[in-house]
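Which chain is which? The protein sequence lines are A and B, in order. Residue numbering for the first sequence follows full-length UniProt numbering, beginning at 1 and increasing consecutively. Residue numbering for the second sequence follows full-length UniProt numbering, beginning at 1 and increasing consecutively.
It is possible that part of the hints are untrue.
The list makes no distinction among identical chains, and a pair is therefore deemed to hold if it is satisfied within one copy or across any two copies.
Dumping the calculated SDA-like pairs for lysine to any residue here, alpha-carbon to alpha-carbon at most 25 angstroms [unchecked claim]:
| # | residue 1 | residue 2 |
| --- | --- | --- |
| 1 | K143 | P101 |
| 2 | K697 | H475 |
| 3 | K548 | I746 |
| 4 | K68 | D14 |
| 5 | K432 | E707 |
Derived by calculation from the structure, the hints in this document are not laboratory data.
Number of protein chains: 2
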Amino acid sequence: MAKGKMIYTFEEGDGKNKMLLGGKGANLCEMTQIGLNVPPGFVITTEACLAFLENNRLPDGVWEDVKKQMAALEKKTGKGFGSADNPLLVSVRSGSAMSMPGMMDTILNLGLNETSLQGLIKQTGNERFAWDAYRRFIQLFAKIALNIPDEPFDEKMKEVKTAYHARQDVDLKADQLKELAEAFLAIVHRHSGKPFPQDPFEQLDIAIKAVFRSWNGKRAVDYRKQFKITPDQASGTAVNIVTMVFGNMGNDSGTGVGFTRNPGTGENLIYGEYLVNAQGEDVVAGIRTPKPIAEMAQEMPEIYDQLIQLHNRLESHYKEVQDFEFTIEKGILYCLQTRNGKMNARGMVRSSVEMCNEGFITKEQALLRIHPSILEQLLVPQLAPNFKGNSLAQGLPASPGAASGHIVFDADTAEARGRSGEKIILVREETKPEDIHGFFHARGILTSRGGKTSHAAVVARGMGKACVSGCEAIHIDDFARKATIGDMTLHEGDVITIDGGTGHVYAGEVPTVEPEVSEELTTLLTWADQAARLEVRANADTPGDAVKARAFGAKGIGLCRTERMFNSTDRLPIVQEMILAETLEERQAALDRLLPIQRNDFKGIFKAMKGLPVTVRLLDPPMHEFLPTAAQLEMEITHLRHLRDTIKGIEELPETLKLLNPGLYQKYADGLGRLNDAMTTFKESHLEEDVIVKKEKTLRKVRSLAEVNPMLGHRGVRLGITFPEIYSMQIQAVLEAAALCAKEGIEVYPEIMVPQVATVEELMRIHSYVKRIHKIVVLTHGIDVQYKFGSMLEVVRACMRAGRMAEDAEFFSFGTNDLTQATFSFSREDAENKFLPAYNETGILQDNPFEVLDIKGVGEVMKIAVERGRATRPDLKIGICGEHGGHPESIAFCHEIGLNYVSCSGPRVPIARLAAAQAQLKGVTAKGANA
Amino acid sequence: MAKGKMIYTFEEGDGKNKMLLGGKGANLCEMTQIGLNVPPGFVITTEACLAFLENNRLPDGVWEDVKKQMAALEKKTGKGFGSADNPLLVSVRSGSAMSMPGMMDTILNLGLNETSLQGLIKQTGNERFAWDAYRRFIQLFAKIALNIPDEPFDEKMKEVKTAYHARQDVDLKADQLKELAEAFLAIVHRHSGKPFPQDPFEQLDIAIKAVFRSWNGKRAVDYRKQFKITPDQASGTAVNIVTMVFGNMGNDSGTGVGFTRNPGTGENLIYGEYLVNAQGEDVVAGIRTPKPIAEMAQEMPEIYDQLIQLHNRLESHYKEVQDFEFTIEKGILYCLQTRNGKMNARGMVRSSVEMCNEGFITKEQALLRIHPSILEQLLVPQLAPNFKGNSLAQGLPASPGAASGHIVFDADTAEARGRSGEKIILVREETKPEDIHGFFHARGILTSRGGKTSHAAVVARGMGKACVSGCEAIHIDDFARKATIGDMTLHEGDVITIDGGTGHVYAGEVPTVEPEVSEELTTLLTWADQAARLEVRANADTPGDAVKARAFGAKGIGLCRTERMFNSTDRLPIVQEMILAETLEERQAALDRLLPIQRNDFKGIFKAMKGLPVTVRLLDPPMHEFLPTAAQLEMEITHLRHLRDTIKGIEELPETLKLLNPGLYQKYADGLGRLNDAMTTFKESHLEEDVIVKKEKTLRKVRSLAEVNPMLGHRGVRLGITFPEIYSMQIQAVLEAAALCAKEGIEVYPEIMVPQVATVEELMRIHSYVKRIHKIVVLTHGIDVQYKFGSMLEVVRACMRAGRMAEDAEFFSFGTNDLTQATFSFSREDAENKFLPAYNETGILQDNPFEVLDIKGVGEVMKIAVERGRATRPDLKIGICGEHGGHPESIAFCHEIGLNYVSCSGPRVPIARLAAAQAQLKGVTAKGANA
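Work out the full structure: start from the sequences and follow the hints.
In structure tokens, the structure reads:
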């Protein structure tokens, strides 16, 4: 076996050589060598381990070296191994190149025996602590090194506690612990057939060999098998022998933990807690309350100075905020451990920017150390961090953010009450496009059905509103205007709070904290924009959304869904009139009323986005989405008919009564007359015959529009071809709005985009509408509006034909929601309700492809389209406006295949900006389609 | 301008030089030069035309040449131009390189004047004919050469007819026509200010120039513009001057038309009609009935000999059956025109095979001259050719063939009455998979809704049964068991006849002729198989279908849809039990009962196909297709509840009556008791409480299975993954059936195919089932069954991942129906009902992509899959089993991209075999994906 050096002091070992020294050993060496005051010690190498396992004895000379190193430790510390005065105690720790929970971990206080125990008492002045340490050491050593199970020790402990009426371990006094330790020694003797080894070197010899053997123990072997750890990743374990230091040696001693910066705020101040004259166990046991480190400056100024030095050394070396543990023994600060600190988003952002400004890291490093997704925390309201209530139910975390408000069960009420300034949570079984006006006026949406890509979830994310979807524990009774969760009933108007980041639903109003875009975040994202090649745009459908998107740093609108404008209450009736029209004239009349409304919408959006491009998608959803469902209409018609018959009965009552019983009639004639008058008034205002007729007409239309597979039906450009007047109105509204803005001196860059295109001919047909209308607008308004014309790529065929499409289109935008459906032949709703959960559970699919872009399949189709499109038109602008446009991994792929921009919902814009920068910095460059 | 020779006699002109001589002129030259007796004449070239148009005068020397050629014609014919004895008359015809209806066509009998008219009377002995010819010539010449409109001539004609009480032109006598001709001459004089030109050369000069000028006439120019005829396709028109010949010069004269072979049967016998002593006009006027050419052998044996010579010359030169016109003038047969004869399928097949055997053409030519689609006529029953009745209504020609039978309105009745031997036509609004047992027992299917790719259409084509779909004129009342067409009512049991080739529906039984696979067709298809590279398989779901497919020459089963086996009445209840199962055990119990049934099906198919491969597709459709619809169940439950309540009322009646009126009760007690007993019996046998409970349970299941987009829902391999026990049963049935057959010494080649695969993991999962079950079957049956495992490619993602798929799959089969839906994002049913008609009308799409494979889009996806699959596994077998597999153009594409086989419905197998041969012969070879 290896003939090399098998023992390294922490001053000697190569901090990078984890294979030889193990992860822990290498770390201890590194810390020591960068000048941190680490308790002295040494490492026995993994090679020694392998040699031991081969020959079942320590390699020649190793034991002698160990003894030499122990002597060196005694010299360094001025302590004696087994000394009755000032004993040297050590910890023995295993540590391989990979962290492996299956192996023996740590024996503390090795070197304790009857003699050194007295030394420990003398040094700490704490008899109870010493006996407690001793009895712990005996049990741990027995278990790990001598294979004696825990049970006899635990039984004894119980026995002793019962005898002294101690509820907890900490209630036991020193002499009681002494009694326990002695009993433990007897257990060891009984089980091993030998007395507990009192010679510290015998203890050390046994411990080292036990650690080595644990490498081939069943748990470690199983662990390596399960996690597929191969010999070239880790082979053998090292043994780390570290001097024990004690924080309970008086008022110049102590212990604590700290972050080099505040992990919650990022502030550059050591953050943590410490206890004077205490060991780590005291913190864990909760007997004493630790103090914030800030107080140390007063209480222990010299130690605090050492802590400041430690902080500086740590950060200048690791270039990351560190989470470290320390112990102070008699005025000397020891660093026991350090690792990169886990921080929340605010902390990450501020510390990254400041560490860059302080010269520790570069801008690139600052950008790369933050996972884009965690920025979400900064962009939506959160539950107050100290809130600890229980939730009523948990659904899916469908759109992040916390929101409180009064429950309402339909969109109209949400709008009415929302307009009056009330905070509203819209609660429905599931939502439909016709509910969208309710979304505008709600602070959050809660549904009992539907997945993370249900209508409610997608729309809420788009608007940056909190949403919990698929909360199946809630049973909603629309009609009774109440909902039940288990035994609890919630009535309309009751207040609840939802947390769209976790899916929890709470009763009442839970305090929330509002998001703030900090100065540091602004700085970071500016750096991101400088680093990124991909532009980030936002999906926004209203002027208000556009303003928000711009505030989030969007470089344009990548998707403006014109149909969203159709759904507000003042427009929907006109849209329905347009759909129900039986002649072209009727339809045109409705469109003529919609034109100024849409034009105004576009003006607002263009103004909000002045100087930046705005991509307007022409009408996409099938017409039936703007109408009530057949079931709804059938119910309404039945009720209305019933009501009409009832009223007719009441109207005829006087005549009937007169005929049957004139006396009775005389008596009640007056009252009946009044009832009748009231009925007539009611009828006239609410129940003209044509209400039913209209609803029946609508029902016929709804039935005629019904489709077997609406996802693949009469929608998008197919509507544009079959009803040219609808698209023409929209195109006119866009171009006229642009002309009017341009006249006011506002820079406008409208881009007209056609959805659901499958054939080149469809695109050319719509392009011909645009060209014709453009000419008219130029003549009418006397100003030449510039615009771009392009196509969504969301149909597979369009991607295959991208080369020819690019002759007509100046830009492409991938609609990856629909493209994913078409590429998988998965209907999103059906897949998520029926088989996708099983697919994820059984490992057929790793992710939900509607959340994480499927690079192997959908990505291939995209690559082919990009390649063919650019072959025709090398400067073709290509973007993505599906939900994946806000997902960091998907953004990396978009960067890789050479897209020009991603477009996502407003609140995800900062996330996308950071992800775009990282994609560039990670050196991913555009590759060919067959890469 | 051109200085070349500008006039060619028919003996001189180059028959291939259509640019110079025009199409007609070149043809006349060709006919003359191959030795046919064409009336002599000459051509003035298109170059002369262009020169004339440039300078507005005939090029130097042309008129002199015309006069020389006329002199030559006089010499050749022994007639004189303008002669009073034996006048030479000519026709003047235009003719450019492309046929152009916009140009002046033909002036007949030029050279007629007061003098030559007498000569014509002398020669024909028919004064009426001569005057009629004269008045026609005057009007035509006036119109074409002198620009005098038809109106004054037509008015005069009307006037004369009225005067002589003539109903038709033919009723006018010689002197009346003479009067008309003289009036016509006066009209010409009045309109042109000059007398009608009596000098034949003046007539000729004017006519030639008029023909030349017509090249730049408005109609001709418009025509060239509309059909995008460019100068390199046709430039200028030639003028053909042809001697008139007359078939009415006595009993040694005549006229006729003929085919060189019988166009209906292909028999090698001249087929046609002739009239002795008559001109072509006589045939048109219908005054005399022509005789079959066969009679000529007796009546005019010498002429008949000339006809035989003509036949031989035509076929040996043109190598196609010719359709020719002839005139006999005084014992000499002239051929006026010949072209390739239009023949029906039988004629084409027989003549092709015989012409090949006779050495006229090669096998390749024989194969190439028949359009594969026309073979359809030979493979299904046809209406008797002499039937001339009126149809009741017309729907879409959804599946060819004619069928008569008794109307039934549901599948169960169709099965019941069909089993008893009745001929049945299944008539429904539309069909569903649960109707399939009715298809088996019906001779034809008629639906009032649905397109050519509706369920009814697709299934009927698959089975080779006649189908008319979408016949909207028929209103079906299932409940009343009747249908109405306008005022007519058809009751269940009434006989109708449908013609799936035309879409017509007839009352009563129309005689039909059964198909027969002739010896010639068998020969032709054997040649086709030798020539083709693509193999042709059939789609077949039952042993019966398999037998038929084999008879049609299928080289295997390319698609056996196992779910079709689930739909027959003895199986559906078990399948429904399986679907309604609430536990795995219940489901397994149902599957255990299905196993032997499926195994038996497969045994039957394997036996029928012994020695050939059989591709079995595992369950594809979503489960809800095997259950009734929610609406159906709701109606049934309502009715059943009502019935139950009614019965309950009757049961309680005695008690009620006893209480209210004991006297009455006494009187009716007996009757009530009997009624009650009858009720109880009825209830016990038909209305146990659990009938309703069961239906309610089914309804709940139907609702839970409902999908938004079933096409993209829980089906195919997704079912196989979520309910492994279903696929396992099917796999076991296939492999056990193969084992049992193998034991009986039958060669079996089972191929197991997985539908709707989108990911490699799905395929691997099912493959693991197959391998496991295969091991068990081998152990159980003691015989090692060989099988192949493969994947449908009908999901776009699978095509993109074909490289990786091919590691697991030994074969691919494109399912182009679903692949087309996914590539276009078109739902077939919705597209055909909603927007596809408009797309076809407005030219967005040329074809219905569900009928004609979309090569540019779907074809691209296929090419990518083929390329990637073969890169992994060069010997990968790839086929197609969508409906396109039977469509000739689509087959050519499949050949081009290198597929190994196409699979289509049985009756289309011969068509596909011929198309496969043509694809190879047309020299289309496999190309790369980017070709």
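Hints, verified against the model:
1. K143 <-> P101: Result: close within a single copy only, 17 angstroms intra versus 107 angstroms inter.
2. K697 <-> H475: For K697 and H475, the Cα distance is within 25 angstroms only across copies (22 angstroms; inside one copy 33 angstroms).
3. K548 <-> I746: within (19 angstroms within a copy, 74 angstroms between copies)
4. K68 <-> D14: Close inside one copy (20 angstroms), not across copies (115 angstroms); limit 25 angstroms.
5. K432 <-> E707: both (16 angstroms within a copy, 16 angstroms between copies)
Checked against the numbered hints given earlier, the structure satisfies every one of them.
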